[in-house]
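Peer 1: Protein chains in written order, with the numbering used here: chain B, 1 to 244; chain D, 1001 to 1319.
The hints are simulated quantities; they were obtained by calculation from the structure and are not laboratory data.
Incorrect hints may appear among the rest.
List of simulated lysine-lysine pairs, DSS-like, C-alpha gap at most 27 Å [claimed, not checked]: (1) Lys1112/D <-> Lys91/B; (2) Lys1226/D <-> Lys1076/D; (3) Lys1226/D <-> Lys1034/D; (4) Lys157/B <-> Lys40/B; (5) Lys157/B <-> Lys1237/D; (6) Lys157/B <-> Lys1076/D; (7) Lys1112/D <-> Lys1076/D; (8) Lys1237/D <-> Lys1226/D; (9) Lys1076/D <-> Lys1034/D; (10) Lys91/B <-> Lys1076/D; (11) Lys157/B <-> Lys91/B; (12) Lys1148/D <-> Lys157/B.
Simulated coverage check for chain B against chain D, where a stretch passes if three residues somewhere in it have a Cβ under 8 Å from a Cβ of chain D [what the hints assert, rightly or not]: (13) 2 to 16; (14) 170 to 178.
Just so you know, even glycine gets a beta-carbon here, dropped at the ideal spot from N, CA and C.
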Amino acid sequence: MNRNYLIFDIRRTLRNRRVLIFSILMPLVLFAIFGMTLPKDASEGGISAIAYVMVSMAMFGSMSAAMSSGGVIAAERDGGWNRTLRLTPLKPQAYVVNKVILSLLLAIPPLLVVFAFGMMFGHVHLSIGQWMTVALVSWLGALPFAAIGLVIGYIAKPDSVQPITGLSTMLIAAFGGLWLPVDQMPSVMKHIAQLTPAYWTGLTSRSALTQGGIDTQALLVVLGWTVVLGFIGLRRFRADTARA
Amino acid sequence: MGRDERSRGCRAPSDKLLGMTTTTAVSLRGVTKKYASVQAVAGVDLTIRAGEVVALLGPNGAGKSTTIEMLLGLVKPDNGTVQVYGGSPTDAIAQGQVGVMLQSGGIIEDAKVGELLNLVAGLHRDPMPVQEALERAGIADLTGRTMKALSGGQKQRVRFAMAIIPQPDLIVLDEPTTGMDVESRRDFWASMHEETARGRTVLFATHYLEEADSYADRVVLMRNGKVVADGTAAQIKASVSGRTIRATIPGADLAALASLPGVRNVETRGEVVLLQCADSDNTLRHLLENTTAHDIEVTSADLEDAVLAISAAQEETLA
């Protein structure tokens, strides 16, 4: 990791507010439409329906923010910036670590904003401990998507990276049950949902709100996805750096 | 790994002060590189001593860029060895001994000039103050501007600042003035001159013969992946003997002119006749005595003629 570089990237991201605004606004709007309209006493899987939707939408926001680093990587590769970096003492691994950290940082604002919205306007009442746990677990849930961002960044061309990121975000969120609870879909959809990392990150985060505590099985699947996607991302990165 | 460990003892400026110019900055031995069926570099041997300012000259496809890429460790040669300050290019770069100015790209378009230079300075072990780099590159007034808002010439100046910021011993520039207007080019070379005056070793690739002629101590001419000439601009010019006579000769008998002793080539542009001659004095005497030639000019070969002649000779050998 290179702190200077991280600060540089954060400043750039704050200036190009599009990604940030989109990743916050989109889940907020969806939460308002699908969550706030629910009756206050409705519940789903042992937790209030509003809290359920709140967590799902927060996850959706953090996931799309984390994946957006792919666009940055693709653009930098295309512009020859990686060549410039190879002509400095910066270690190539430090670049990758930086982009993953950037992804994880970008994943924070959507979580905080959606949770704050749920707390203030959605009548979601949790203990401070529960808020902290759900926030932390949801944040870790951004890890596999940071890895997907890496993979996309090293595969996609800059002109196709936006549609690829947008489409995969929507497909993963929809089929992973972040937009609509899987339990309300036909059973075949549940099987499909289990093939996406979003299903498991959603499950992990929501489990933080139940009496039973964190769903460790779901958490392990999330970590498994992170390892597999991280491995693919690193392989793509290696191939890219080795090429002249 | 403290920065104190870095040895600066062999830097070019101190060598100059001590009167030693024996340090080898760059050494390429039998280097080749093939891309698919194209032999981009076909066996290059090149030694650059510390303090030299070397122009790498040649047409597109001569192998200049590939040679530079191998020298910087961006491309691995198929055969041969590349050494920079006695070690691998990667090591020299990790030590901050090499500053590079790429021809295009290599920047972040949505970053501000100041941010970009601060970042690059932060990546190096012993950078010069960013403000100093900005001033030396003549872009101190552009700090707050976004890269994509800059003109081509201004961007080149940012790349130049990025190249000098590590305080390198060797500066490598790949066609640094491409896309600059005449004035920017002159300003650029003035800035560059300050760097060479500090004793830095410089290797630059260029299309512009006059740049090689004016700014390089040594010209390395490449063609078809090989070095075909290597020496000072004066030496290369001298390798093409003879002069060119340019005269207006109405109704000239071209066949007769071509058969004059020492005349190598005859060209016409309307009534103007260009004669390339080994012995211009004799040809001139003949023209004045036997023809109506007027407006006569005699010029010696310039670097361009020399390059063309060497290239033509090279073509013949290949054919």
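Peer 1: All hints, please: hold or fail.
Peer 2: Okay, the hints, checked on the actual structure:
In summary, the hint linking Lys1112/D to Lys91/B is supported, as the alpha carbons are separated by about 23 Å, within the 27 Å threshold. Among the hinted pairs, Lys1226/D with Lys1076/D is consistent with the structure: their alpha-carbon atoms are about 17 Å apart, no more than 27 Å. Only pairs whose Cα atoms come within 27 Å are accepted, and Lys1226/D paired with Lys1034/D is accepted, the gap being roughly 13 Å. With a CA separation close to 46 Å, the supplied pair Lys157/B and Lys40/B exceeds the 27 Å bound.
Taken as a hint, the Lys157/B and Lys1237/D pair is broken in the structure, with Cα atoms around 47 Å apart against an allowance of 27 Å. The hinted pair formed by Lys157/B and Lys1076/D meets the criterion: a straight-line CA distance of about 25 Å does not exceed 27 Å. Among the hinted pairs, Lys1112/D with Lys1076/D is inconsistent with the structure: their alpha-carbon atoms are about 33 Å apart, more than 27 Å. For the given pair, Lys1237/D sits about 19 Å from Lys1226/D by alpha-carbon distance, which is consistent with the 27 Å threshold.
A threshold of 27 Å between alpha carbons decides the hint, and for Lys1076/D with Lys1034/D the separation of about 10 Å falls inside it, so the pair holds. Of the supplied pair hints, the one linking Lys91/B and Lys1076/D holds, its CA atoms being roughly 18 Å apart against a limit of 27 Å. Among the hinted pairs, Lys157/B with Lys91/B is consistent with the structure: their alpha-carbon atoms are about 24 Å apart, no more than 27 Å. Restraint check for Lys1148/D and Lys157/B: satisfied, since their Cα atoms lie roughly 20 Å apart, inside the 27 Å limit.
Under the rule that three or more residues need a Cβ within less than 8 Å of chain D, the assignment of the stretch 2 to 16 of chain B holds, with 8 such residues. Evaluation of the coverage hint for the stretch 170 to 178 of chain B: breached, as 0 residues show C-beta separations to chain D shorter than 8 Å, against a requirement of three.
The structure fails to meet hints 4, 5, 7, 14 from the earlier list, while all remaining hints are met.
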